[in-house]
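Number of protein chains: 2
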Amino acid sequence: MTTYTRTLACRICGAEIPLGPSYVCEECFGPLEITYDYDAIRREVSRERIARGPRTLWRYRALLPDIGGAGSPVVDLGTGCTPLIHAERLGAALGLNRLYIKNDAVNPTYSFKDRAVSVATTAARHFGFDTIACASTGNLANSVAGHAAKAGMKAFVFIPADLEEAKILASSVYEPNVIAVEGNYDDVNRLCTLVADEYGWAFVNINLRPFYAEGAKTLAYEVAEELGWEAPDAFVAPMASGSLLVKIAKGFRDLVRVGLIEPKAVRVNGAQAAGCSPIATAFR
Amino acid sequence: MTTYTRTLACRICGAEIPLGPSYVCEECFGPLEITYDYDAIRREVSRERIARGPRTLWRYRALLPDIGGAGSPVVDLGTGCTPLIHAERLGAALGLNRLYIKNDAVNPTYSFKDRAVSVATTAARHFGFDTIACASTGNLANSVAGHAAKAGMKAFVFIPADLEEAKILASSVYEPNVIAVEGNYDDVNRLCTLVADEYGWAFVNINLRPFYAEGAKTLAYEVAEELGWEAPDAFVAPMASGSLLVKIAKGFRDLVRVGLIEPKAVRVNGAQAAGCSPIATAFR
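Line by line, the protein sequences give chains A and B.
Going by this note's numbering, 214 is the number at position 214 of the first sequence; the sequence numbering is gapless.
Basically this note's numbering = 1-based index in the second sequence + 1000.
These aren't lab readings, by the way, just hints derived from the structure by calculation.
Please read all numbers here as calculations on a predicted model, not as lab measurements.
Be aware that one or more of the hints could be misleading.
Claimed, not checked - As a list, the in silico DSS-like pairs of lysine-lysine whose alpha-carbon atoms are at most 30 Å apart:
1. B:1264 / B:1102
2. B:1102 / B:1250
3. A:250 / A:102
4. A:150 / B:1102
5. B:1150 / B:1102
6. A:150 / A:102
7. B:1250 / A:167
8. A:102 / B:1102
9. A:150 / A:264
10. B:1264 / A:154
11. A:264 / A:102
12. A:264 / A:250
13. B:1102 / A:167
14. A:102 / B:1250
15. A:264 / B:1264
16. A:102 / B:1264
17. A:167 / A:154
Unchecked claim - Simulated coverage check for chain A against chain B, where a stretch passes if three residues somewhere in it have a Cβ under 8 Å from a Cβ of chain B:
18. 77-89
19. 206-219
What the hints assert, rightly or not - Far from chain B by the CB rule (all over 12 Å, computed), these chain A residues:
20. 14
21. 44
22. 55
23. 56
24. 98
25. 105
26. 106
27. 108
28. 168
29. 185
30. 187
31. 200
32. 229
33. 271
Glycine included, C-beta positions come from ideal geometry on N, C-alpha and C.
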């Protein structure tokens, strides 16, 4: 039952509360984040132990929210350990001889969301929830539906009513309850916050958010391990909701802190596709 | 430069010719198939050596067409070693406690065709071709385009003119030359046979077919390795063009022949999706 996961702490005021399905500081309304016993992790974790673990993100279990502790069940569809491809020809065109691309499209439900949802669903089941849910515009709905099917839990996915049908088709395979909401994604999200309180469901990206967000750290862990336990000089990631960049940077810091890699400043850059780039446009 | 690949032999009359871009027996017009020195493979190959190989289908290189031999370059996008998922809940519903699903949708261009095309493209480059090509209704075109991009070769993909746009979109990323042909897939295939002779291109599923077809054997190799070097009792595969079943069965026989698994009769069943099942319908 060894676990290195300690508390939820406010990123603003530092107030700590016990682990649970909470996401807002009761003192100052700041966001809550998982804390770990890094000294204990440093003593226990090693490159060899990780190498002997499963070929999924749970090989980094010591560095993930793990309420039940070693040996307790996790909800794992086989997420993570996705290929890091040496893009030799693209690299040559750009003048980079060590350009790598992480193909996270080959996760079980075909997006990086599986990392977050695997961690959040594992926590939700441990807290006794029988239903997981989310506000989504597509990828997250797929992932929640897939993880609920694996865990034998109920799934409710809330989507904007005008979402393209193709985006929800992959979710439908797992037969979740799909709730189409009149309004945009922000409206859906606000409704879900109310529903989470009212129905006592585990919304992976709302009341389980502190657990959910930690999943993205595993992108950094995997890249470092694939590079022979070394951090890259630079990491370019999609902006997504903004949290991805923060968690990737935290992932590399974690590895230094527990002695798995040498200290190194990693430049983490956010990018957006030209066809949908509000943040990049605003930044310019 | 060790290689265990020997000749091309006719499946009908047994006539043998040297390795090359040939697919029809000059004696009897029967189909040609690769032959191997299985005794030499048996002496050299071991579970441990395979485990130390790359996490792609090329870990089974001794059992694949390998004209250049060990150390010579292969065209490898990172194909194979796809997850074998223990489908516990589906298995329980069907009364099977060891039901596994092989997810070959997470290959580099998202289908099992990458197995065949990786082997065929490697052979084509060795034979001195600068262009690979195919007749395709979608998946194969994606794979040929992707492998050409990786290998720095030209790609020509021939498709029926009425193919859905979504099917060709993934190929277009790699900027192949796309030739839309008025007619159905059989018409496209006939045209390609003429083009292969006329232009001297490597059509992966025509003049490189003996090499191409061997790629599918790796599905059997991977399943056996994942099960702890044991063949399954039964294997259900898509009918596809018919060759897939044959090569999967050959894959398990290969493993027995070189001493990697114990002899076992594997029942290989072909299946078709209910929405498009001409063979299943005709069989009934």
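Hints, one by one, checked against the model:
For a cut-off of 30 Å, the pair hint linking residue 1264 of chain B to residue 1102 of chain B stands: about 20 Å separates their Cα positions. A hinted pair counts as satisfied when its Cα atoms are at most 30 Å apart, and residue 1102 of chain B with residue 1250 of chain B qualifies at roughly 18 Å. For a cut-off of 30 Å, the pair hint linking residue 250 of chain A to residue 102 of chain A stands: about 18 Å separates their Cα positions. Annotation: proposed proximity of residue 150 of chain A to residue 1102 of chain B holds, straight-line Cα distance about 16 Å (limit 30 Å).
Between residue 1150 of chain B and residue 1102 of chain B the CA atoms are separated by roughly 25 Å; this keeps the pair inside 30 Å, and the hint holds. Pair hint residue 150 of chain A plus residue 102 of chain A holds up; C-alpha atoms about 25 Å apart against a cutoff of 30 Å. The suggested pairing of residue 1250 of chain B with residue 167 of chain A is violated, with an alpha-carbon distance near 39 Å, which exceeds 30 Å. Proximity of residue 102 of chain A to residue 1102 of chain B is assessed by CA-CA distance (about 22 Å); at most 30 Å being required, the pair is judged to hold.
Of the pairs offered as hints, the one joining residue 150 of chain A and residue 264 of chain A is violated, with about 38 Å between alpha carbons and a cut-off of 30 Å exceeded. Only pairs whose Cα atoms come within 30 Å are accepted, and residue 1264 of chain B paired with residue 154 of chain A is rejected, the gap being roughly 41 Å. Of the supplied pair hints, the one linking residue 264 of chain A and residue 102 of chain A holds, its CA atoms being roughly 20 Å apart against a limit of 30 Å. Among the hinted pairs, residue 264 of chain A with residue 250 of chain A is consistent with the structure: their alpha-carbon atoms are about 13 Å apart, no more than 30 Å.
Distance hint between residue 1102 of chain B and residue 167 of chain A is fulfilled; the C-alpha atoms sit about 24 Å from each other, no more than 30 Å. As the CA atoms of residue 102 of chain A and residue 1250 of chain B are separated by approximately 34 Å, the hinted pair breaks the 30 Å bound. Using a Cα cut-off of 30 Å, the hinted pair residue 264 of chain A and residue 1264 of chain B is violated, with the two alpha carbons roughly 53 Å apart. At roughly 39 Å between alpha-carbon atoms, residue 102 of chain A and residue 1264 of chain B are farther apart than 30 Å, so this suggested pair is violated.
Distance hint between residue 167 of chain A and residue 154 of chain A is fulfilled; the C-alpha atoms sit about 20 Å from each other, no more than 30 Å. Under a criterion of three residues with beta carbons nearer than 8 Å to beta carbons of chain B, the stated coverage of the stretch 77-89 of chain A is upheld, 5 such residues being counted. Check on the stretch 206-219 of chain A: 0 of its residues sit with their Cβ under 8 Å from a Cβ of chain B, so the three-residue criterion for coverage is violated. The Cβ of residue 14 of chain A sits about 41 Å from the closest Cβ of chain B, beyond the 12 Å cut-off, so the non-interface label holds.
Look at residue 44 of chain A: its CB is around 26 Å from the nearest CB on chain B, clear of 12 Å, so calling it non-interface holds up. Some Cβ of chain B comes within 12 Å of the Cβ of residue 55 of chain A; the nearest lies about 8 Å off, and the non-interface call is violated. With a closest Cβ-Cβ approach of about 9 Å to chain B, residue 56 of chain A is found to fall inside the 12 Å limit, against its non-interface label. Taking the minimum C-beta to C-beta distance to chain B, about 17 Å, the non-interface status of residue 98 of chain A holds against the 12 Å cut.
Non-interface call for residue 105 of chain A relative to chain B: violated, since the shortest CB-CB distance, roughly 8 Å, does not exceed 12 Å. Against chain B, the non-interface label of residue 106 of chain A is violated: not every CB pair exceeds 12 Å, the least being about 4 Å. Separation of residue 108 of chain A from chain B is inadequate, the least Cβ-Cβ distance of about 8 Å not exceeding the 12 Å criterion. Every beta carbon of chain B lies more than 12 Å from that of residue 168 of chain A, the smallest distance being close to 16 Å; the non-interface claim holds.
Separation of residue 185 of chain A from chain B is adequate, the least Cβ-Cβ distance of about 25 Å exceeding the 12 Å criterion. At the 12 Å boundary, the C-beta of residue 187 of chain A stays outside the reach of chain B, the nearest C-beta of that chain being 30 Å off. A cut-off of 12 Å between C-beta atoms confirms that residue 200 of chain A is not in contact with chain B; the least separation is 24 Å. The Cβ of residue 229 of chain A lies farther than 12 Å from every Cβ of chain B, with a closest approach of about 17 Å, so its non-interface assignment holds.
For residue 271 of chain A, the condition that its CB be more than 12 Å from all CB atoms of chain B holds, with the nearest at approximately 17 Å.
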